[in-house]
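Chains A and B, in that order, are what the protein sequence lines are.
If you're matching positions, the first sequence starts at 1 in our numbering and goes up one per residue.
If you're matching positions, the second sequence starts at 1001 in our numbering and goes up one per residue.
For the record, the hints were derived by calculation from the structure and aren't laboratory data.
Every value quoted in this text rests on a predicted model; they were computed, and no experiment measured them.
Keep in mind that a hint or two might mislead.
[Unchecked claim] Listed next, the stretches of chain A that the computed footprint assigns to chain B, with coverage defined by at least 3 CB atoms under 8 Å from CB atoms of chain B:
1) 120-132
2) 142-155
3) 210-222
[Claimed, not checked] Facing chain A, according to a computed beta carbon distance under 10 Å, are these residues of chain B, among others:
4) Y1010
5) M1163
6) R1167
7) E1174
8) W1195
9) V1199
10) S1237
[Claimed, not checked] Here are the computed distance ranges between Cβ atoms for each label pair:
11) R1153/B x L150/A: 32 to 40 Å
12) V1199/B x V138/A: 41 to 49 Å
13) Y1189/B x R63/A: 43 to 51 Å
14) V138/A x E1247/B: 30 to 38 Å
15) G197/A x S1210/B: 36 to 44 Å
16) S32/A x S1210/B: 51 to 59 Å
17) L150/A x L1053/B: 29 to 37 Å
18) V1199/B x N22/A: 23 to 31 Å
19) R183/A x S1210/B: 26 to 34 Å
20) Y1055/B x L77/A: 53 to 61 Å
21) N192/A x Y1055/B: 18 to 26 Å
22) L1133/B x N47/A: 27 to 35 Å
23) P21/A x Y1189/B: 32 to 40 Å
Heads up, the beta-carbon is just placed ideally off N, CA and C, and yes, glycines get one too.
So you can see what is in the structure, the chains are spelled out below.
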Amino acid sequence: MQSPEMSVPLLEFHQVGFRYPNTTTPVLQDCSFTLEAGQKVALLGLNGSGKSTLFYLAAALYRRDRGEIYWQGQRLLYQPDSLRQWRQRIGLVFQDPEQQLVAATVAEDISYGLYNLDLPTAEVEARLYQTLEDFDLVHLADRPLHHLSLGQKRRVALAGVMALAPTLLLLDEPTIYLDYQQRQQLEQALENIHQQGTTIMIATHDLDFAYGWADWIMVLVNGQVTVSDRACHVFEQWPILAPNLGSPILLDLWHQFPAAWRRNQPLPRTAAALVRIWLKGLQVPPNTD
Amino acid sequence: MHHHLDAYAYTNGLRHLHPEQKLIFATASLLFTFLARPLVQSLLWLWLSLWILGYARIPWRVYFTLLATVAAFWLVSLPGLVVQILPTETLRASGQVVLSDLSLMGWSLFVSAEKLHQGLALGLRTMVASTCLLLILLTTPFPSLLGVAERWRVPHFILDILMLMYRYIFTLLEIAFTLQLAQRARGGYQRRSRWFCSVSLLAAQLLRQSLYRYEQVNLALLSRGFQGQFRVLRPQSYAYSQRYGLEIVIGGGALILLNAIA
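Could you put together the complete structure from these sequences and hints?
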């Protein structure tokens, strides 16, 4: 039986409005959505639609002008103790790791957030080494951050946030500038993090990544969440729901299939699933190699 | 490219030697330089060079290029130290040993033996003192020095500023380098007038980006729970060396003795 707390959303935005100082147009306007625990959410939207601002508000780095933000039903209060707890629960990985990494070396940077939790040095040390191992950073521990590649910096940025064991992880454009291999590593890292019980929300332009990875999709248009639903439902009506965002390549290919092949088939979320349906449509037995 | 000097600090032969031991040796040598006689200073320079080139295995080209830069600054300031102007009569009355002079309209432009000696002594002292600093710069990573400074109870706010400066100086250099490349790709710096225009645009962009970065760093610090003090764990993988310790004691003792009797 489900306990009553389980039905309370993890994070909730209720008609949140935000405008940057000295500007006339609000970035977010009456923005409302709920986020359930355990989800893998992709927040999609055009440049300037307010994705990063929404993340800054969710992480309580900016203060909303209007509306309310709730964590498990509790209103966000902008008071020091409350903010400290809030920021420990919600980890934010910035788009540019260069802006997020603040210490001199990898180990120092990861330990920085841990000390901010007022943990004793022995525990900081234990959690630091565990994080270094989890993210395959042991060999880079003493390396200065400016000697790392972009992919390594991103891994350190993610590790620094995950060391704090947040309940919700927000990642702003995590796939940008990553090569194929780094993208695969990121996908694996996110899968591991999710399996450990962390809810993940990413803001991205990368529709192909979102299509294959997310189980929940939100679309942000002009500062409002216009779509928030299961990924399979959203992508079934994708061109109608988000006509300006383009389309994932697998979905494009899927729509090129004859209607008879697609009938009673779930949307293929991977290339392998698409090929299986294609082979089935052609009545060719799949290669069992 | 601008990371090279910093990279030597992480890859040299003395990287595992405890930074405190290197820092004490370099600081003691620096202080001794101010007291030592020229012969002993020269011997100290040879000894420090042995540490840098021999033990740390820093390429001699790098080491001598850095020393040449120091020497160039000394050479540029040398005329100001050794060339003097006095009324010719005053100069004659003073009885100074003049190595070279040029008299015109009752004034003499001259180089005295005493000032030249002072200039050369200053040059030697500058080179030895710079070598002491190079020993630290080329063999010890900056974060390790911060670790030593923390143990020596240097105030935290100074360490925080130094760490952030070290972290972002390379980022700023990288941005400047990339912006300059972008400017060159579009024909910047080709004529003198365009050179000034390009430099001013570069400076403006750097300022703008620095301010933007400052805001972002501020957000990053807040998102990771910054509480006013920048505490980090500095894992130590260094060891004091008896062999180097013994060399410092014996070598230092010998130089002090030589300085006393020479």
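Self-check item: Cβ distance range 51 to 59 Å for S32/A and S1210/B, holds or violated
Solution: For S32/A and S1210/B the Cβ distance comes to about 37 Å; the hint is violated.
Quiz prompt | S1210/B and G197/A - C-beta distance against the hinted 36 to 44 Å | solution = holds (40 Å)
Quiz item: Regarding the hint that Y1010/B lies at the interface with chain A, is the smallest CB-CB distance below 10 Å?
Solution: holds (7 Å)
Self-check item: Residue hint W1195/B, partner chain A, criterion CB-CB below 10 Å
Solution: violated (28 Å)
Practice problem: State whether the coverage of the segment 210-222 of chain A by chain B holds or is violated, taking the criterion as 3 or more residues with Cβ-Cβ distances under 8 Å. | Solution: The restraint on the segment 210-222 of chain A is violated, since only 0 of its residues have a Cβ under 8 Å from chain B and three are required.
Practice problem: Evaluate the given range 43 to 51 Å for the C-beta pair formed by Y1189/B and R63/A. | Solution: holds (45 Å)
Practice problem: With 30 to 38 Å as the target window, see if V138/A and E1247/B comply at their CB atoms. | Solution: holds (33 Å)
Quiz prompt | C-beta pair Y1055/B, L77/A: status relative to the range 53 to 61 Å that was hinted | solution = With a Cβ separation near 59 Å, Y1055/B and L77/A satisfy 53 to 61 Å, so the hint holds.
Quiz prompt | Hint check for N22/A and V1199/B - Cβ pair distance inside 23 to 31 Å | solution = holds (30 Å)
Quiz item: Should the hint that M1163/B touches chain A count as held when the rule is a Cβ pair under 10 Å?
Solution: With a minimum Cβ separation of about 5 Å from chain A (threshold 10 Å), the hint on M1163/B holds.
Quiz item: Minimum Cβ distance from R1167/B to chain A below 10 Å?
Solution: holds (6 Å)
Quiz item: With a Cβ-Cβ cutoff of 8 Å, does the segment 120-132 of chain A contain at least three residues near chain B?
Solution: holds (count 4)
Of the hints listed earlier, those the structure fails to meet are numbers 3, 8, 9, 16, 21, 22, in rising order.
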